[in-house]
Amino acid sequence: MKEDKALIIIDVQNDFCPGGALAVPGGDKIIPVINELTGKFKKIIATQDWHPDSHVSFAMNHPGKNEYDVIEHKGIDQVLWPRHCVAGTEGAEIHPRLESKSFNLILRKGNNSEIDSYSAFRENDKKTVTGLDGYLKNLGVKKTYFTGLALDYCVFYSAIDSIELSFKTFVIIDGTRGIDSPSGNIDKAVSTMKEKGIEIINSNDL
Numbered sequence: 001m002k003e004d005k006a007l008i009i010i011d012v013q014n015d016f017c018p019g020g021a022l023a024v025p026g027g028d029k030i031i032p033v034i035n036e037l038t039g040k041f042k043k044i045i046a047t048q049d050w051h052p053d054s055h056v057s058f059a060m061n062h063p064g065k066n067e068y069d070v071i072e073h074k075g076i077d078q079v080l081w082p083r084h085c086v087a088g089t090e091g092a093e094i095h096p097r098l099e100s101k102s103f104n105l106i107l108r109k110g111n112n113s114e115i116d117s118y119s120a121f122r123e124n125d126k127k128t129v130t131g132l133d134g135y136l137k138n139l140g141v142k143k144t145y146f147t148g149l150a151l152d153y154c155v156f157y158s159a160i161d162s163i164e165l166s167f168k169t170f171v172i173i174d175g176t177r178g179i180d181s182p183s184g185n186i187d188k189a190v191s192t193m194k195e196k197g198i199e200i201i202n203s204n205d206l
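Residue numbers for the sequence shown follow our numbering, so the first one is 1 and each next one is one higher.
There's no promise every hint is true.
[Claimed, not checked] Per label pair, the in silico range of CB-to-CB distance:
#1 Asn111 to Thr192: 26 to 32 Å
#2 Ser181 to Lys126: 18 to 24 Å
#3 Lys127 to Ser166: 15 to 21 Å
#4 Asn35 to Pro63: 41 to 47 Å
#5 Glu99 to Leu139: 19 to 25 Å
#6 Asp53 to Asp4: 39 to 45 Å
[Unchecked claim] SDA-like, lysine to any residue: derived pairs with alpha carbons at most 25 Å apart:
#7 Lys65 to Gly91
#8 Lys40 to Asn202
#9 Lys42 to Pro52
#10 Lys137 to Gly197
#11 Lys168 to Gly197
#12 Lys42 to Ser100
#13 Lys101 to Arg83
#14 Lys42 to Thr89
#15 Lys101 to Asp77
#16 Lys29 to His95
#17 Lys65 to Gly140
#18 Lys42 to Asn138
#19 Lys126 to Glu67
#20 Lys126 to Gly75
#21 Lys188 to Gly26
#22 Lys40 to Gly140
#23 Lys127 to Asp77
Hint data in this document are derived by calculation from the structure and do not stem from the laboratory.
Ideal Cβ positions, reconstructed from N, Cα and C, are used throughout, including at glycine.
Could you put together the complete structure from these sequences and hints?
Have a look at this one:
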């Protein structure tokens, strides 16, 4: 792969895989696909959700509310999730079968208790940046390739921000899995990405 490309692996963490607190169905099935892809890229970035226990996205922090309810918090729609990926816990660790030795950067997001952070580039207020945009552009990256979890949340929002930040953006669909909450959310996410000009490809296209 040319030097202007980067593989971005979103949130392949224990809590998002089977047995975890917020398991994505078949989330661990993408790991062999991603491990094979890492041999095709020289620039590889991985992200981790890294939440405090007091995080706004945890349903347990909103008495009277249930998991998967949607509330408004500081003008932002917020899905209430099970407690997951708490900083320093086993659930927050990168899945042990994901080969991480070739990662250039591990970016931790979602550590502000008041703002959720789906995207690798910007928190959900769309103002607070992670620094990934500048990091990639300083390395000469022009094309981003996304894999990871979950397709209809963190992968989706990362890819949308990527194309809005002028990267040519690809989602490697067999290297992702989705939650599909609410029902139909995966199809909606894929359709929206295509409309925005994001290319949906398979790993064997590389």
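Going through the hints against the structure:
no. : hint                         : verdict
1   : Asn111 to Thr192: 26 to 32 Å : 27 Å, holds
2   : Ser181 to Lys126: 18 to 24 Å : 22 Å, holds
3   : Lys127 to Ser166: 15 to 21 Å : 18 Å, holds
4   : Asn35 to Pro63: 41 to 47 Å   : 42 Å, holds
5   : Glu99 to Leu139: 19 to 25 Å  : 21 Å, holds
6   : Asp53 to Asp4: 39 to 45 Å    : 40 Å, holds
7   : Lys65 to Gly91               : 23 Å, holds
8   : Lys40 to Asn202              : 14 Å, holds
9   : Lys42 to Pro52               : 32 Å, violated
10  : Lys137 to Gly197             : 20 Å, holds
11  : Lys168 to Gly197             : 9 Å, holds
12  : Lys42 to Ser100              : 13 Å, holds
13  : Lys101 to Arg83              : 28 Å, violated
14  : Lys42 to Thr89               : 29 Å, violated
15  : Lys101 to Asp77              : 37 Å, violated
16  : Lys29 to His95               : 12 Å, holds
17  : Lys65 to Gly140              : 45 Å, violated
18  : Lys42 to Asn138              : 15 Å, holds
19  : Lys126 to Glu67              : 24 Å, holds
20  : Lys126 to Gly75              : 12 Å, holds
21  : Lys188 to Gly26              : 19 Å, holds
22  : Lys40 to Gly140              : 17 Å, holds
23  : Lys127 to Asp77              : 15 Å, holds
Taken one by one, the earlier hints fail for this structure at numbers 9, 13, 14, 15, 17, listed in ascending order.
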